[in-house]
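Peer 1: In case you want the letters, here they are:
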Amino acid sequence: SQQGEEDPQALSIQEGENATMNCSYKTSINNLQWYRQNSGRGLVHLILIRSNEREKHSGRLRVTLDTSKKSSSLLITASRAADTASYFCATGKTGANNLFFGTGTRLTVIP
Amino acid sequence: DSGVTQTPKHLITATGQRVTLRCSPRSGDLSVYWYQQSLDQGLQFLIQYYNGEERAKGNILERFSAQQFPDLHSELNLSSLELGDSALYFCASSVETFTGELFFGEGSRLTVL
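Those protein sequence lines, which keep their order, are chains A and B.
For the working numbering, count along the first sequence from 1 and bump the result up by 11.
For the working numbering, count along the second sequence from 1 and bump the result up by 17.
Derived by calculation from the structure, the hints in this document are not laboratory data.
Incorrect hints may appear among the rest.
Unchecked claim - Partner residues are not named here, just some residues of chain A that face chain B (Cβ under 8 Å, in silico):
(1) Asn29
(2) Gln44
(3) Leu54
(4) Leu72
(5) Ala93
(6) Phe99
(7) Phe111
(8) Gly113
(9) Gly115
Stated by the list, open to error - Okay, derived cross-link-like pairs now, DSS-like style, lysine-lysine, Cα gap no bigger than 25 Å in a straight line:
(10) A:Lys67 x A:Lys37
(11) A:Lys81 x A:Lys37
(12) B:Lys74 x A:Lys37
(13) A:Lys37 x A:Lys80
(14) B:Lys74 x A:Lys104
(15) A:Lys104 x A:Lys37
Backbone N, C-alpha and C fix where the C-beta goes; we use that ideal spot for every residue, glycine too.
Construct all of the structure, not just a fragment, from the sequences and the given hints.
Peer 2: Written as structure tokens, this is what we have:
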């Protein structure tokens, strides 16, 4: 399968703590993206990192990409209860016209 | 609001029936993607259209079909429905056909009884 796999499947932390989610994939990619989904709602794009980039920041989000290990991580700093959602990585494969999504990490931030 | 509109939001039907899900992409977006989200299988890519033409096909069953019309809206047709087809069906759009950022609709929740 070309899908990414997120780890862990579920994560529960206290408000104010940092949350780290990992994504592994199998094929060569031209970019990797992270999306957020509130329960039963549509996915919202968070950040895109290209294959020639190693780290990217956006507000409280930090994404790293290691193409040699075919893995990425998403760090959410100083988490808030409103960050409670499922987080998905999606890979844009070289030469392909669509994104392949992982199975997601369900993050719960306890107030 | 992503700008992508999907109808209906909820749909309940019986096995063996046929339904049509509709998607209006963001203004100016030429690419439309359909994804299926089941409880135990994450987000599965079904099919992509670009400016009216099919561009990529994923795990779409033969009982399912889709098209994109000249006004760029898209429809996903699901026929001979089975219990296992119950899922959230998402439409997403993007400007080009490359794998950039996708804008998702709120989904159509299909329940097959």
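Peer 1: Compare the structure with each hint and give your call.
Peer 2: Results of checking the hints against the structure:
1. Violation of the interface hint for A:Asn29 is found here, the shortest Cβ-Cβ separation to chain B being roughly 25 Å, above the 8 Å cut-off.
2. Given the 8 Å rule on beta carbons, the hint for A:Gln44 holds: about 7 Å separates it from the nearest Cβ of chain B.
3. Against a cut-off of 8 Å between C-beta atoms, the interface hint on A:Leu54 holds, since the closest Cβ of chain B lies about 4 Å away.
4. Interface hint at A:Leu72: violated, since its Cβ lies 15 Å from the closest Cβ of chain B, which is beyond the 8 Å cut-off.
5. A least Cβ separation of about 18 Å between A:Ala93 and chain B goes past the 8 Å threshold, and the interface hint is therefore violated.
6. The interface hint given for A:Phe99 is met, as the beta carbon of that residue sits about 7 Å from the closest beta carbon of chain B, less than 8 Å.
7. Restraint check, A:Phe111 versus chain B: the minimum CB separation of about 6 Å is within 8 Å; hint holds.
8. About 7 Å separates the beta-carbon of A:Gly113 from the nearest beta-carbon of chain B, less than 8 Å, and the hint is met.
9. The interface hint given for A:Gly115 holds, since its Cβ lies 6 Å from the closest Cβ of chain B, which is under the 8 Å cut-off.
10. Distance restraint check for A:Lys67 and A:Lys37: the Cα-Cα separation of roughly 21 Å lies within the 25 Å cut-off, and the hinted pair is therefore satisfied.
11. With a C-alpha separation of about 7 Å, the suggested pair A:Lys81 and A:Lys37 falls inside the 25 Å cut-off, and the hint holds.
12. For the given pair, B:Lys74 sits about 19 Å from A:Lys37 by alpha-carbon distance, which is consistent with the 25 Å threshold.
13. Proposed proximity of A:Lys37 and A:Lys80 is supported: the alpha carbons are some 9 Å apart, at most 25 Å.
14. For the hint linking B:Lys74 to A:Lys104, the alpha-carbon distance of about 14 Å falls within 25 Å, and the restraint holds.
15. Under the criterion of a C-alpha separation no larger than 25 Å, the hint pairing A:Lys104 with A:Lys37 is consistent with the structure, at around 10 Å.
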